[in-house]
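Engineer: Each chain, letter by letter, is given below.
2 protein chains.
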Amino acid sequence: MAGAFKEKLAAAVRRSDSLVCVGLDVDPGRVPAFVRERADWIGYFNAGIMEATADLVCCYKPNLGFYEALGAEGWQGLRQTLAAVPRDVPVLLDAKRGDIGSTAEAYARALFEDLGGDAATVNPYMGFDAVAPFLAYGDRGVFVLCKTSNPGAADFQDLPCEVSGERRPLFEQVARAAVGWNRRGNVGLVVGATQPAAFRAVRAIAPALPLLVPGVGAQGGDLAVAVREGADASGTGILVASSRAVLYASSGQDWQAAARAAAAELRDAINALRGAKSDGARAIP
Amino acid sequence: MAGAFKEKLAAAVRRSDSLVCVGLDVDPGRVPAFVRERADWIGYFNAGIMEATADLVCCYKPNLGFYEALGAEGWQGLRQTLAAVPRDVPVLLDAKRGDIGSTAEAYARALFEDLGGDAATVNPYMGFDAVAPFLAYGDRGVFVLCKTSNPGAADFQDLPCEVSGERRPLFEQVARAAVGWNRRGNVGLVVGATQPAAFRAVRAIAPALPLLVPGVGAQGGDLAVAVREGADASGTGILVASSRAVLYASSGQDWQAAARAAAAELRDAINALRGAKSDGARAIP
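First to last, the sequence lines map onto chains H and Z. Heads up, the first sequence is in the numbering used here, so the first residue is 168 and it goes up one at a time. Heads up, the second sequence is in the numbering used here, so the first residue is 168 and it goes up one at a time.
Be a bit skeptical, because a hint or two may be false.
Residues from chain H that keep clear of chain Z, each with C-beta distances beyond 12 Å, as calculated [claimed, not checked]: (1) Ala171; (2) Ala200; (3) Glu204; (4) Asn230; (5) Ala251; (6) Pro253; (7) Ala303; (8) Ala320; (9) Pro374; (10) Ala391; (11) Gln420.
To be clear about the criterion: a stretch of chain Z counts as covered by chain H if any three or more of its residues have a C-beta under 8 Å from a C-beta of chain H, and this derived list gives those stretches [stated by the list, open to error]: (12) 307-319; (13) 335-342.
Hints are computed from structural coordinates only; laboratory data are not their basis. C-beta: ideal position from N, C-alpha, C; glycine also.
Could you put together the complete structure from these sequences and hints?
Structural biologist: Listed below in structure tokens is the structure:
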């Protein structure tokens with residue numbers, strides 16, 4: 168994997184004029200039936216989605232859970248999928264791993280070396296040494312879960328927590344720690360689009376860290392707030408993840424055209440908001 | 168997988184008179200060289216370890232990170248390993264997963280259906296709905312990370328957090344939540360043996376939940392405190408995990424005998440402490 172994630176992502180954003188990150192979350196119950204019938208349906212479906220959308224997106228994000236659920240077939244399909252990703256589009260492996268040092272090293276090797284991901288998501292609950300083996304790959308991106316898009320995010324991430332006498336919600340303490348972990352410039356944060364109030368808080372703490380933003384589409388997140396409050400000063404700095412709305416836009420013969428239309432629509436909606444944010448001053452690449 | 172995890176574990180504890188859970192964490196740099204040379208070294212090594220220790224342990228715990236790091240070979244080796252586990256010893260899949268509902272469902276399917284685990288570890292950071300799909304398998308055990316054995320455990324798990332006006336460290340709030348999640352009687356907690364003060368706090372909150380206790384051996388945890396404070400009223404209720412100290416007790420031709428001796432030593436040390444705890448009143452099965 169040549170080149171640092173950050174530069175590869177910036178180049179992909181410029182080339183595609185897009186902040187869309189398509190989540191490649193294969194679901195045997197949702198792919199078109201005539202695709203599902205093929206022995207190589209996982210790789211075939213994802214390659215078809217990428218063929219239809221590669222010029223409209225800045226990143227692809229397979230969530231490993233969907234592949235693990237399919238067993239040996241899933242792992243083979245994931246490898247076929249990764250082999251089919253265009254060389255100039257970075258791959259973010261959404262795995263949310265977190266374990267003690269020696270195991271975290273194994274997971275980092277699995278994601279960055281064996282699977283060759285440009286970036287990965289990690290879980291901060293176990294603290295710095297569970298994340299450090301990922302951070303050690305200075306040319307890969309490490310997105311730390313901060314405020315997630317699901318309802319249960321409130322259970323612990325919102326609890327008022329005290330550090331050095333200062334009380335803030337746990338997710339803000341995680342964001343502060345992540346800023347301190349960013350010695351190699353490769354840290355990002357996950358902030359769900361369903362969490363509008365979190366963007367301003369996180370941007371106040373971490374103005375320059377890239378944000379992975381799940382939760383638009385099926386989860387009902389607020390795209391406008393995510394872009395207005397989440398994008399950095401240059402109008403970029405966020406990756407807006409969309410999976411089901413793009414992948415399963417149609418279950419008919421037009422599945423690729425429908426996926427392309429859905430990705431284009433999301434790109435244009437984000438760009439309209441980016442334009443509004445910068446009062447029309449956003450440079451067209 | 169027949170029978171509930173809880174009963175299968177209780178039967179294994181009685182049969183082996185042991186609270187030892189051997190972590191099957193394969194490491195190509197540590198297995199004996201003459202084993203490593205075999206094409207099927209992963210399955211062969213683990214089967215050899217299990218052959219040498221099955222009557223001395225109550226559980227086997229493969230950590231998925233070590234298998235994922237080995238790619239396709241690792242997954243095949245994990246399947247061979249799982250196929251070789253004696254039917255009466257439960258398998259705890261140490262995966263520490265946590266994701267939004269639909270993905271958590273996929274991970275739960277992967278661990279409990281595709282791989283057939285009797286129990287699994289999960290990460291609580293994303294809250295209830297990230298754990299619920301695991302809890303829905305009432306016949307499987309779900310061990311929630313609470314106070315982990317690594318140094319970074321202090322980073323967030325120790326932060327004073329407020330719930331309903333009551334300030335407690337985050338790991339205690341997680342323990343309280345886990346008690347509430349235990350509607351099907353299948354919840355456990357992970358508390359590292361390196362965290363002696365945590366056992367009393369966790370047992371005050373969750374007197375009856377089984378505890379998975381990593382961190383003895385290489386990590387330097389305090390076995391005596393873990394057993395004295397962690398074991399429940401019946402002198403059981405903890406699973407003491409040991410991996411490297413058993414698996415890699417010898418890299419010579421005596422690797423199986425050495426693994427057996429290490430497992431027996433740990434079992435006996437725990438049982439001596441259990442005896443001390445109950446003032447000799449512990450029934451010999």
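Engineer: State for each hint whether it applies.
Structural biologist: A quick look at each hint next to the structure:
1. Ala171: About 23 Å separates H:Ala171 from the closest Cβ of chain Z, which puts it past 12 Å; holds.
2. Ala200: Non-interface label stands for H:Ala200: nearest chain Z Cβ at 20 Å, farther than 12 Å.
3. Glu204: holds (21 Å)
4. Asn230: violated (6 Å)
5. Ala251: holds (17 Å)
6. Pro253: H:Pro253 is indeed farther than 12 Å from all Cβ atoms of chain Z, at 23 Å.
7. Ala303: holds (14 Å)
8. Ala320: violated (6 Å)
9. Pro374: Answer for H:Pro374: holds, closest chain Z Cβ roughly 22 Å.
10. Ala391: Given a closest Cβ separation of 22 Å, the condition holds.
11. Gln420: holds (26 Å)
12. 307-319: holds (count 6)
13. 335-342: holds (count 3)
Against the hints set out earlier in the document, violations occur for numbers 4 and 8.
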